[in-house]
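S.K.: Letter by letter, the chains look like this.
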Amino acid sequence: MKKKRVVITGYGLITPLGKDAIETFDKASKGISGIDYIKSFDTTGLPCTIGGEVKNEWISDLENSRFSKYASRGCLLLLRAVQEAYEQAGLKEITNTSQIGISIGCHGDNPKVKDMVFVHKFYDGKGNWDYHKLQKAGGYSFLNFMKRKPDIVTSIIAHKFDCKGLNIVTVSACSAGAQAIGEAYKAVIDGRCKVMITGGAESIIDFFGYLGFTLLKALAERYSSPQGASRPFDRKRSGFVMSEGAGVLILEDYEHATTRGAKIYGEVLGYGSSTDAYRITDMHPQGLGAVIAMKKAIADAGLTTNDIDYINAHGTSTIQNDITETLAIKQVFGERAREIPISSNKSMLGHTIAGAGAIEAVLTIMGMNNSIILATINYEFPDPKCDLYYVPNKAIMKEHKIALSNSFGFGGQNACLCLGKFLS
Amino acid sequence: MYPKAYITSVGLITAFTKDFENFINSKIPERDKCSTDFFDLKNHSICNISKDSLDISSKDSRIMGKHTLMLIKASEEAYKKTGFDRYNPEEIGYFSAIGMIDYENEDLLSAVIKSMKEGQFDLQEFFKKGYREIYPLWPLSMLNNISLCQSAIRLNIKGDNCVFTPHSDASLHSINEAIWSISNNKSKVALAGAVSEVISPQSIARYILCNTNKSRVSSPEMPVDIYMAEGSVFFAIEGETTENKKLASLSGFGASFGFDDVSGGVTEQAVKSSMYQACRGKKVDLVFTHYSRQQDSFNEISAIKGIFGDDVEFVSTKSLIGDMLTCAGAFDCALAVSLLNDKMPVFINGHVKEKKYNTILINAFSVEGNVTSILVERV
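If you read the sequences in order, they're chains A and B.
Residues in the first sequence are numbered consecutively from 10, following the numbering used here.
Residues in the second sequence are numbered consecutively from 25, following the numbering used here.
By construction, these hints were calculated from the structure, which means they are not laboratory data.
Check the hints yourself; a few may be wrong.
Heads up, simulated EDC-like pairs for lysine to aspartate or glutamate below, C-alpha to C-alpha not over 16 Å straight-line [unchecked claim]:
{"id": "1", "chain 1": "A", "residue 1": "Lys123", "chain 2": "B", "residue 2": "Asp109"}
{"id": "2", "chain 1": "A", "residue 1": "Lys304", "chain 2": "B", "residue 2": "Asp64"}
{"id": "3", "chain 1": "A", "residue 1": "Lys121", "chain 2": "B", "residue 2": "Glu142"}
{"id": "4", "chain 1": "B", "residue 1": "Lys138", "chain 2": "A", "residue 2": "Glu96"}
{"id": "5", "chain 1": "A", "residue 1": "Lys272", "chain 2": "A", "residue 2": "Asp133"}
{"id": "6", "chain 1": "A", "residue 1": "Lys169", "chain 2": "B", "residue 2": "Asp285"}
{"id": "7", "chain 1": "A", "residue 1": "Lys304", "chain 2": "B", "residue 2": "Glu114"}
{"id": "8", "chain 1": "A", "residue 1": "Lys130", "chain 2": "B", "residue 2": "Glu142"}
{"id": "9", "chain 1": "A", "residue 1": "Lys142", "chain 2": "B", "residue 2": "Asp64"}
{"id": "10", "chain 1": "B", "residue 1": "Lys28", "chain 2": "A", "residue 2": "Asp199"}
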């Protein structure tokens, strides 16, 4: 039986570079960095004081909306991106809303320092709690609990945009956004939904977000300027730069899209996921999990490695990821690995964790439609262990029709999307 | 058309049984002997599981929360019973729903306490000495997906995977995704299931604040205190050609969304839509209801009667074993497997009829309006 075509009929972005997809892509194609010193919380004493923050004014209207009391900042970013994609796809005209599903990668808010300080008053430091005193003092805020729930996101979207179909949240760390798109793609192929609103979002630029990744030694700690800190595949990279943002795609059954006359921007051709099953703290040294995910995505698309024109790398700017991803690409593509343009959007945007896979998928589609391959900026000092063509510092004009987009999560969950320019 | 898939083994751990073999004889504690204090942990169904019982090294266990131990235990039982180790690791799918992961306050609070200066949290103090109280790999233990990754390492599973969270219907999504993964040849076989939240002051507070502790289990008019339950349930799922014994057939799935702003519950239309998609006109012998807040329960009963008439038998397990939240649907599914194989667990005896069940429907909702149903049939 012939596989259904899953096309992209809308997309939306909100990132440190722009309030929407066009602004983000425009700045990214000029190689502009969205990284700066953190303004939203006091970073005194932290070894990393930079990040990619989205301007508050871009979501100020949502901060006063009825959802804002229990929606995390990540959720508000997502709502903004969904709004853009929803309108672009013209989903309002679809009357059978049980055919519209949602699949989102998101993790919810971190607890706040003031909550922890409040709670410590009811704890004796030796493992004993005074629950009743805590309860009498008002306990935790219900609304803060709701902001921490990752699934509140899909419920708010379903409610706001009247989507009565499948409704799932994926939480696979840095691969969550790509996995959410993969699950949405499968749902459309299987005929479970005609349309899926999918993507990912993250906003954990706060004390606990930074504390966690500082303890893991994952953040960039050596940099001469914020804009130069995220330097994937460069020899002087020292870790990733935390960022926030959201990316959304509208996936649709091809027949459904053409019947309603929707404009088509691209196509999801294949999807592969895998686990490293190696170590929680390290990637497989040969990138085995990444190899499996890429091979599965290419096979699922019914293509060969010769068909791939571009790879949007996970490229976090950590020592380990960039070497391992390079190794994995070489294993999948052999000699051709050196010919394929590879770039990392994180060099400009930083790492948006659950949002990354989705944001990068949108930028990949926009790149194909504009025949622009985005650059890996801050590439100055070649690393002998990262010896492929990373489109250094300047975007190139090149027609490309089929791309892979990689996402690898902490713990060893991997996802790879095979995306295509729409060819009727 | 919904693809045909089969449950070939079940692995589980709950407060009252350590595996599926003992499930049938397991008894639950009598609630009337408990105190009425909701914050008294003894009232809730706490799982008894230790790192030693799973032969986990002390180094590995430092970044394993209790939810990880439960997930590993249930997954291993399902995996080993079906001999999944004969498959290429890349051909084994792994899908899990995982409840809210809470910070272990003890992991952080001593750092906060050491960082206090004149009654205020002081960042300088924190970076001078406070942070040293925190284990460097602590952040990994609170990432939602780490449990599945740790279990994948132990079982050497490398195939198609996903982690869903933490809607109370997420476990049924996990099972559904495994079925589709097999039907689309992305996996030859798959493990699918869920793990509940770990019961803690935070999770109890959240439960109360979400108003799910006063559920309407036996009658929508009569709220009953529902306590929380810990546990994990996993299923080995295989296609038509399996050589393993087929314990039950997974033959229908439905999902819908509907939240009524006025009543603050799921809508009757959403429940009907979900059940209709799962059953497609099939006769059902028993429905395991979700039953939670009052309006949800009214709407669920109304939807059940609207679709199946007045004669259909329905029951909620939450008053018996407690509420496993994210894992609730998977637990009801394990119970359905037992009943469909003519085994009546002691704890449910008297709450359902002693008869041959052929088709059982399971409902699971989230407090935010998601509704999911799955149909399980006798082979």
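S.K.: So which of those numbered hints doesn't the model satisfy?
M.R.: 1, 2, 3, 4, 5
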